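So the protein lines, in turn, are chains X and C. Quick note: the first sequence uses my numbering, first residue 1, plus one each step. Quick note: the second sequence uses my numbering, first residue 115, plus one each step.
Misleading hints may appear alongside valid ones.
As the list claims (entries may be wrong) - Label-pair restraints from in silico Cβ distances:
| no. | chain 1 | residue 1 | chain 2 | residue 2 | range |
| --- | --- | --- | --- | --- | --- |
| 1 | C | Lys156 | X | Thr44 | 14 to 22 Å |
| 2 | C | Gly169 | X | Val114 | 33 to 41 Å |
| 3 | X | Asn72 | C | Pro227 | 46 to 54 Å |
| 4 | X | Ser84 | C | Pro122 | 44 to 52 Å |
| 5 | X | Pro8 | C | Thr183 | 23 to 31 Å |
| 6 | C | Glu197 | X | Ser69 | 37 to 45 Å |
| 7 | X | Lys65 | C | Asp131 | 27 to 35 Å |
| 8 | X | Arg15 | C | Ala184 | 44 to 52 Å |
| 9 | X | Pro8 | C | Asp173 | 29 to 37 Å |
| 10 | X | Cys13 | C | Thr124 | 27 to 35 Å |
Claimed, not checked - Residues from chain C that keep clear of chain X, each with C-beta distances beyond 12 Å, as calculated:
| no. | residue |
| --- | --- |
| 11 | Gly155 |
| 12 | Gln159 |
| 13 | Thr192 |
| 14 | Ser207 |
| 15 | Glu213 |
| 16 | Lys214 |
| 17 | Thr216 |
No lab work stands behind these hints: they were computed from the structure. In this text the structure is predicted, and so the values were computed from the model without any measurement. C-beta atoms are modelled at their ideal positions from N, C-alpha and C, and glycine is treated no differently.
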Amino acid sequence: SAVISQKPSRDICQRGTSLTIQCQVDSQVTMMFWYRQQPGQSLTLIATANQGSEATYESGFVIDKFPISRPNLTFSTLTVSNMSPEDSSIYLCSVVQGLGYGYTFGSGTRLTVV
Amino acid sequence: GENVEQHPSTLSVQEGDSAVIKCTYSDSASNYFPWYKQELGKRPQLIIDIRSNVGEKKDQRIAVTLNKTAKHFSLHITETQPEDSAVYFCAASSAFGNEKLTFGTGTRLTIIP
Chain X
1 SAVISQKPSR DICQRGTSLT IQCQVDSQVT MMFWYRQQPG QSLTLIATAN QGSEATYESG
61 FVIDKFPISR PNLTFSTLTV SNMSPEDSSI YLCSVVQGLG YGYTFGSGTR LTVV
Chain C
115 GENVEQHPST LSVQEGDSAV IKCTYSDSAS NYFPWYKQEL GKRPQLIIDI RSNVGEKKDQ
175 RIAVTLNKTA KHFSLHITET QPEDSAVYFC AASSAFGNEK LTFGTGTRLT IIP
């Protein structure tokens, strides 16, 4: 299955600032997904990122707050903008490589906003 | 959109016994149903998946069953071991590889030695 390198693994940020999370995949993938997992909760999809087009955001998530870049088929970034303590969460990227491999997740970024 | 419900939210099982976790989905177009295991502080890991053209799939102590008519699928773990303790998530997708996964709310499984 695909190997995903996600960074940073954790960060503590001041409210009002922004953090950019990177995901690098070891193979080309068409779609990359960004999820948020709040403590003790399930995974909620933020957006789907396709190379060469605007990301598709889920209800409740907007581009101004979570801008996404997808410059090529192996890389994507998610920015959490103008952070507040409510943004404290784990953010994960995910890809699907092909039949038989399923959807694979990055190791996650644990964000704490103070 | 798709809605996936998962039960129970917590489950405690004696070591060696079986555990069953159930999920229901709402979108009849869903055709791919994976199960993930997430240990504390770790990323979700795929443990088994099933497609809508199959009613059951087994991998050693883990099995998944799918009832398309009733729109529910279940995870079965037999001969449970302490290392099976984790949070388990079911998910559904309408187009494997080209569509998002919608996750259930999770089940915290505890194996009692």
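Results for each hint:
| no. | hint | in the structure |
| --- | --- | --- |
| 1 | Lys156/C <-> Thr44/X: 14 to 22 Å | holds, 18 Å |
| 2 | Gly169/C <-> Val114/X: 33 to 41 Å | violated, 50 Å |
| 3 | Asn72/X <-> Pro227/C: 46 to 54 Å | holds, 49 Å |
| 4 | Ser84/X <-> Pro122/C: 44 to 52 Å | violated, 33 Å |
| 5 | Pro8/X <-> Thr183/C: 23 to 31 Å | violated, 46 Å |
| 6 | Glu197/C <-> Ser69/X: 37 to 45 Å | holds, 39 Å |
| 7 | Lys65/X <-> Asp131/C: 27 to 35 Å | violated, 46 Å |
| 8 | Arg15/X <-> Ala184/C: 44 to 52 Å | holds, 47 Å |
| 9 | Pro8/X <-> Asp173/C: 29 to 37 Å | holds, 34 Å |
| 10 | Cys13/X <-> Thr124/C: 27 to 35 Å | holds, 32 Å |
| 11 | Gly155 | violated, 9 Å |
| 12 | Gln159 | violated, 8 Å |
| 13 | Thr192 | holds, 22 Å |
| 14 | Ser207 | violated, 8 Å |
| 15 | Glu213 | violated, 9 Å |
| 16 | Lys214 | violated, 5 Å |
| 17 | Thr216 | violated, 8 Å |
When each numbered hint is compared with the structure, violations occur for hints 2, 4, 5, 7, 11, 12, 14, 15, 16, 17.
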